[in-house]
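Trainee: Here's the letter readout for the chains.
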Amino acid sequence: MRQTRTALLLLAPSLVFLLLFTYWPILQVAARSLTQRSGFGLDNYRRLFADPHFTTAALNNLVYAVGTIVPSLILALGFALALQEQRWMHTVLRTILVFPLLIPLVAAAALFIFILLPGEGLIDHWLAPLGLGDTNWLGDPTLALGAIIGITIWKNVGYYMLFFLAGLAGIPADLHEAATLEGASAAQRFFHVTWPLLQPTLAFVLIIALLNVITQVDHIVVMTQGGPSDTTNVLLYYIYQQAEQNNDAGLAASATVVSVAVLLAISVTSLRALERGMHYES
Amino acid sequence: MTGARNLILLLVTAAALLWAIPFVWMVAASLRPDEAANAASLWPGLHPVTANFIEAWQSGQFPLWYFNTIVVCAGILLVQCVTVSCAGYAFARLRFPGQSLVFTLFLLQLLLVPTVLIVPNLTTLVQLHLYDTLPGIMAPYFASAFGVFLMRQTFRTIPRDFEDAAMIDGASRLQIIFRVLLPLSKPGLVAFAIVSVTSHWNEFLWPLMATSSPATQVLTVGLASFTAGAESGDQWGLIAAGTFLVAGPLLVVFLLFQRQFVSSFVFTGLK
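Protein chains in written order, with this note's numbering: chain A, 1 to 282; chain B, 283 to 553.
These aren't lab readings, by the way, just hints derived from the structure by calculation.
Just so you know, even glycine gets a beta-carbon here, dropped at the ideal spot from N, CA and C.
Please note that the accuracy of each hint is not assured.
Stated by the list, open to error - So, partial list: chain A residues that the calculated Cβ filter (under 8 Å) puts toward chain B:
no., residue
1, Q3
2, F112
3, D174
4, T215
5, L264
6, S267
Said to hold, decoys possible - Below 25 Å or equal to it, Euclidean Cα-Cα: the simulated SDA-like pairs (lysine to any residue) are:
no., chain 1, residue 1, chain 2, residue 2
7, B, K468, A, A169
8, B, K468, B, A447
9, B, K468, A, L211
10, B, K468, A, H176
11, B, K468, A, G170
12, B, K468, B, V544
13, B, K468, A, V193
14, B, K468, B, V534
15, B, K468, B, T397
16, B, K468, B, L456
17, B, K468, A, E182
18, B, K468, B, M449
Stated by the list, open to error - So the derived label-pair ranges between C-beta atoms look like this:
no., chain 1, residue 1, chain 2, residue 2, range
19, B, L291, A, G139, 37 to 43 Å
20, B, G511, A, A184, 57 to 63 Å
21, A, N246, B, L410, 23 to 29 Å
22, A, L127, B, Y348, 33 to 39 Å
Go ahead and model the full structure; you've got the sequences and the hints to work with.
Mentor: The following block contains the structure:
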């Protein structure tokens, strides 16, 4: 009984802020999304799903997710496999790859504005001799999302690599030695030893990566504002737009509810996968 | 076999060089006079100048932005240390009804990150009269599920003997947490501090939405408007210098305490 009271007092500081900025906002935004001129109803959701900007943003977010996550995870795992040792060369290369993790995404955006600048920018300048000069990366509707995806990959690969490195370090060395003694090739060792034992790490990185493709929109705010013609608009940017520019609280609220639902759904699915991975390990 | 290994190392080295190019350009362009012919060069020239940094410092509000960012990061971390230590202790050492349910409620915040809830949080901020203030930028982060989880794990590794001895001497729970357990939890606290400061130093969207006046801008928000201004004038050296001023401090600290940083990110991620 005394313990319960003590626990409550110790949890109170955290609970106050969780209540104010996690639980209450969800209830509030859900209620707001159902509020319309004529009382309660689904009007905001009808408007939301009828809004071509929203459906485009949702589809773009899907492309952004797949386009970012798949290459990021493959590269991160590849880098981790190649740079596992404690040699100075490996350490230096790992450090370089982790660098982008430490800078703000807006700072990355500031650098990439010049890197992608048509004509005199870094890419165009150095690729001009190959006959590829003058590409309007951020202004071309077919290229802009790809450029944004590229920046996101550059920013996140080092972070994911750290988790894979930790995961690889957790695999007992004698498993590899035993497999080698049995005559397993490098590829066999990877697919039959490393890969299965790396499942928990993989599922974990996947959840972080999923969170990132929903929350990382800073470069979109700074570089493209969702354009050209909505090709780089994603869910969170759409929400930001409705709230800040269009002052449409109903759409902002219903879009937030949809995003939260999507986030919870994919996270729960990945967590299930994580649990399965854990069972596999034990 | 070694041939294949060398080829892989060569490929990865090439990739790492590619990864480094934005940073190399940032340093080179920031040190190059703006009138230099080629803005795309990766070489600062034989006579590097500090003119870009001086101009950036004077034309932007860097002293104010640094101050605000440091206040925000320090304020968040300070309050978090209290909230996560208390809650971490409750989950690690006490037994109470509904414990696992409350813990699950805490963990919900790991997924429902404040970034996704910017719209309702903004309403709350206005109602609390915290809009356009530094405490307003900090408030949504005062509770940290991830910190609570981390401290719970850290406290659990500390033998109970220390607390029992203090308890016999008549120490209160708070004294036990802050005088006995926290000094023994340095690795966990440092890991949490590194991740907390890094993420709030770099945060952009929430500070952008939660403020409106220049007086409350943090580094990232300031950099965005600074970049927009300099971009229209093609002042790339200036942008590079401004970016350097924003990103530099964490990069330097990272280089100095690399091992600590890496283990913190991984430790905090995997636990």
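Trainee: Next, verify each hint and record whether it holds.
Mentor: So, going through the hints one by one against the coordinates:
1. Q3: Check passed: Cβ of Q3(A) comes within 5 Å of chain B, closer than 8 Å.
2. F112: holds (7 Å)
3. D174: violated (21 Å)
4. T215: holds (4 Å)
5. L264: Since chain B brings a Cβ to about 6 Å from L264(A), closer than 8 Å, the hint holds.
6. S267: holds (5 Å)
7. K468(B) with A169(A): holds (24 Å)
8. K468(B) with A447(B): Distance ~20 Å between K468(B) and A447(B) Cα, so the pair holds.
9. K468(B) with L211(A): violated (29 Å)
10. K468(B) with H176(A): violated (35 Å)
11. K468(B) with G170(A): holds (24 Å)
12. K468(B) with V544(B): With a Cα-Cα distance of about 16 Å, the restraint between K468(B) and V544(B) holds, given a limit of 25 Å.
13. K468(B) with V193(A): violated (36 Å)
14. K468(B) with V534(B): Status holds; Cα separation ~22 Å.
15. K468(B) with T397(B): violated (29 Å)
16. K468(B) with L456(B): The hint holds at about 17 Å.
17. K468(B) with E182(A): Not OK: K468(B) and E182(A) at ~45 Å, beyond 25 Å, violated.
18. K468(B) with M449(B): holds (21 Å)
19. L291(B) with G139(A): 37 to 43 Å: holds (38 Å)
20. G511(B) with A184(A): 57 to 63 Å: Because 60 Å falls inside the window, the suggested range holds.
21. N246(A) with L410(B): 23 to 29 Å: Holds - the Cβ-Cβ distance for N246(A) and L410(B), about 25 Å, lies within 23 to 29 Å.
22. L127(A) with Y348(B): 33 to 39 Å: At roughly 37 Å between Cβ atoms, Y348(B) and L127(A) fall inside 33 to 39 Å, so the hint holds.
The earlier numbered hints that this structure contradicts are 3, 9, 10, 13, 15 and 17.
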